[in-house]
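Participant: Sequence:
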Amino acid sequence: MLQLRIARQSRSLIHPPPSPATATAALSSAADPPIPIPSFSSTNRSVAEPQQSDLAHYFREWFMSRKIPLYDRILEALHSEDADLSRFNLRLSEELVVDVLRYNTKDVLSCLKFFDWAGRQPGFFHTRATFCSIFRVISKAKLTNLMLEFLHGYEKYAHNGKQLYHNILVIGYSLAGHCETALAVFGKMRFLGHDLDRVGYNVLLNALVDGGHYDFVESLVLEIKKRGYVDSSTHTVMVKSYCKQNQLNQAEEYLRGVMKADDKVKLNRYVLSAFLSALCRNRQFERAFVLMEEFKMMGINVMGHVYGAWISELVKVGKMDDALQFFKDKRAVDDYVPDVFHFNMLIYRLLKEDRLEDVYDLLVEMTKRGVVPNDVTMNAVLCFLCKVGMVDVAMGLYNSKEQIGLSVNRMAYNYLIFSLLGEGNVTESYSVLQNSLEQGYFPGERTLSIVVDALCRDGKLDKVKELVMFLLEQKHMPRTFSYDKFISAYCRANRVEEGYMLHDMLTGLGQSSRRFAYHSMIEGFSRSDRGDIAARLLIEMQESHYRATRKLYIGVIKSLLKMENPDTQFFGLLEMQLACGLCDPSVTYAIFIDGAACADRPDLALQIYKEMQKYELVLNFRGSIRLLQCFLKTEKLSNALFLFCQLSIQWKRRKLWNAMIVGLCRLKQVNYASELLVHMYKASMTPSLQSYEELIKMNCYLGKYSDAIDLLDDMTRIGRQVSSFIGNVFLLHALKSRSLYDAWVSLGETKKLTNTSWMLGHLVGIFSDSIGGYYLEEDIETLIEQCFETDLYTYNMMLKRYIKKGSNSASILVHRLREKGYKPNRWTCDIIIDGLDRQGRKEEANMWKNEMAREKYP
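In full-length UniProt numbering, the protein residues as written are 1 to 858.
Just so you know, the hints here were simulated from the structure itself, not pulled from any lab data. One or more of the hints may lead you astray.
What the hints assert, rightly or not - Distance condition first, Cα-Cα at most 27 Å in a straight line; then the derived DSS-like pairs of lysine-lysine:
(1) LYS704 to LYS668
(2) LYS485 to LYS460
(3) LYS736 to LYS804
(4) LYS296 to LYS244
(5) LYS668 to LYS636
(6) LYS142 to LYS460
(7) LYS142 to LYS316
As the structure is a computational prediction, the values presented were derived from the model and not from experiment.
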């Protein structure tokens with residue numbers, strides 16, 4: 001980030017704030033920049049709280065300098081129900097009414113109330129100026145229908161005189177952009193013998209140019225010339241007309257003709273700036289600059305609007321350096337001070353480019369030169385404070401917006417929200433977002449999404465719900481924004497019913513949820529065993545043309561099978577899926593076989609398989625494995641073997657053989673499993689680690705230690721690592737008896753074992769106390785880690801061995817276990833308590849019992 005100059009850091013913190021009545025004068029005479037921003041560096045973003053408080057106070061006073069207390073009280077009274085203004089004893093005049101209407105043009109309703117009240121006061125009659133003011137208020141708010149309604153109800157003012165009456169109508173319809181109606185009224189008043197005044201003619205002429213009715217422009221100009229109404233406004237509109245038609249040479253010719261004929265008297269800043277802007281829009285910057293300097297040499301006052309127009313055009317094309325240099329040059333030579341509009345334009349573009357030091361300089365310049373800020377300036381200050389990391393100061397101004405008359409715009413709302421989120425203040429950012437929505441500003445779908453994401457991360461789902469309800473009540477349905485993240489957040493927080501309620505409301509409003517929202521709801525209801533709703537949502541999702549994953553199907557099926565009448569629910573969903581025809585029937589059957597198997601309902605899977613056979617449908621590979629597992633789970637060994645023979649011919653896949661070996665082991669059919677393993681070797685297929693694990697486990701369980709060791713040796717010989725599961729199985733049986741080690745020694749005499757097998761055998765000998773000697777716990781732990789990766793089960797068995805041997809180092813081992821990231825489980829505590837009881841250490845055993853109850857070990 002940029003650094004402010006060192007000199008700034010030594011300036012006094014703040015000047016004494018002026019009173020509202022003298023604020024502008026005080027600001028303009030300030031010798032030093034009054035805004036104390038110590039530094040913009042990333043390493044110095046914090047400002048002391050007293051400084052921040054003073055800075056907020058200064059900005060507040062600067063903003064208050066534009067306030068006129070009497071007009072504020074009038075507007076406040078107009079906001080009340082009775083709107084009684086008689087207590088102010090106002091001496092109504094054209095000037096006062098116009099000033100009040102111009103004071104806050106955004107408050108259209110209050111302006112209309114005041115205009116109506118003034119028109120009903122004895123002795124006061126609205127003039128053309130007051131009518132023009134109220135018309136400008138309405139047209140600026142782009143309330144064309146209100147303008148037309150106002151004009152249609154204007155008959156009651158006809159007593160002011162028919163000529164004024166028609167003048168006002170022509171001006172009103174012209175400002176409303178209804179040129180045809182304005183021309184019709186003009187024709188009617190000419191028929192009645194009345195005519196427009198100078199202002200009426202110029203307003204109508206301008207409306208014709210804006211509407212592109214150039215055929216009428218020439219004839220109306222002739223009428224204006226006949227009456228001698230040609231003035232600077234007429235020339236401005238004519239130059240504007242040529243520029244809109246891209247007739248720039250004609251515009252310059254017309255301009256020079258006026259300069260020569262009228263000796264520059266009837267030229268004003270608007271006509272010159274209009275032509276200058278037109279040249280710049282056509283990329284003729286050099287020609288525009290030369291012309292501007294020429295006007296200046298001829299003695300025409302080009303300061304103010306003309307200079308401002310030049311700066312505006314440079315800003316629009318991104319030439320910020322040129323614009324700033326021009327401003328500085330003219331300030332030094334001509335003591336030029338831009339108006340608030342052009343200051344704001346410079347500041348906003350500099351903010352966009354993160355040129356914060358330049359923004360600071362311009363804000364200082366505004367306060368020194370007594371430029372009164374408007375709403376745009378105040379919003380720019382909020383953005384600036386957010387960008388320099390002074391969010392607290394910005395929020396202080398934001399919270400006093402009613403007092404200082406600040407109307408926050410969309411850009412400032414966005415800056416406040418993002419800055420608060422950046423500081424982790426999610427609640428306050430949500431409050432600002434809520435306020436922006438209530439004020440009618442939608443900060444943008446990206447901003448809304450970021451705030452919602454932050455609320456969801458913080459678990460503030462009630463605020464999310466509040467926001468959603470507000471958006472739905474206001475019928476604000478962003479086109480690209482998705483409410484699905486709300487639904488998913490509810491589901492993640494196990495508030496699936498609320499997510500479903502929101503989904504139901506959106507469906508009623510014609511908004512369909514997207515795929516991931518459906519997934520979240522279906523998974524949520526499946527987890528909570530509400531399979532009926534999950535199944536309904538699954539079908540609804542498919543009707544919305546979203547495909548369900550196999551995992552999603554299985555979750556729904558498992559949930560259905562936990563409900564009442566599970567078989568009916570299961571086959572009902574199957575029938576609906578088959579009727580939908582979204583995928584091939586064999587695929588649907590395979591999914592349901594898979595689901596039934598996962599839900600431990602192999603009987604249902606076998607029923608589906610029989611139905612498939614009836615329709616001569618072929619099961620896919622995954623479904624075939626599931627079916628094979630179902631036969632094995634139901635202990636239908638002959639069916640399983642028959643099916644395996646068929647499948648092994650159809651698919652020569654390792655996964656099929658491994659599934660069969662694992663299933664046979666779980667049925668304790670070790671001979672069949674071992675035979676299949678041999679066939680796998682012959683078919684050049686490598687058995688899976690799980691196949692070895694199950695075979696070794698079952699051989700050890702049946703006491704066939706030689707076969708288990710032989711399998712281990714074969715496994716390590718082909719390069720497989722010993723898993724924690726296999727290592728723990730051997731250690732467990734080593735603790736039970738010395739038979740395992742004896743078998744190891746016996747096999748080692750007839751067969752050369754691999755190094756891994758030999759090391760594990762040595763470990764088994766130590767564990768079973770078959771190998772004499774004293775071994776430290778650390779040495780045994782190191783030896784285990786050389787054989788296989790340790791886990792909690794391994795440490796529990798080490799603990800069991802130490803306690804069995806009467807060792808007092810159990811607590812040391814538990815401490816080391818925790819250091820390695822393991823949390824003791826119930827078996828750990830049972831081992832310790834049982835060992836301590838055996839050793840007669842009842843008090844310590846009770847302490848462990850209390851800890852187990854307190855920690856609730858799994």
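Participant: Could you run down the list of hints and mark each one as holding or not?
Facilitator: Going down the list of hints, with the structure as the test:
1. LYS704 to LYS668: 12 Å, holds
2. LYS485 to LYS460: Since the Cα atoms of LYS485 and LYS460 sit roughly 13 Å apart, the hinted pair holds (cutoff 27 Å).
3. LYS736 to LYS804: 11 Å, holds
4. LYS296 to LYS244: 25 Å, holds
5. LYS668 to LYS636: 13 Å, holds
6. LYS142 to LYS460: It is violated: about 39 Å lies between the C-alpha atoms, which goes past 27 Å.
7. LYS142 to LYS316: Holds: LYS142 and LYS316 sit about 24 Å apart, inside 27 Å.
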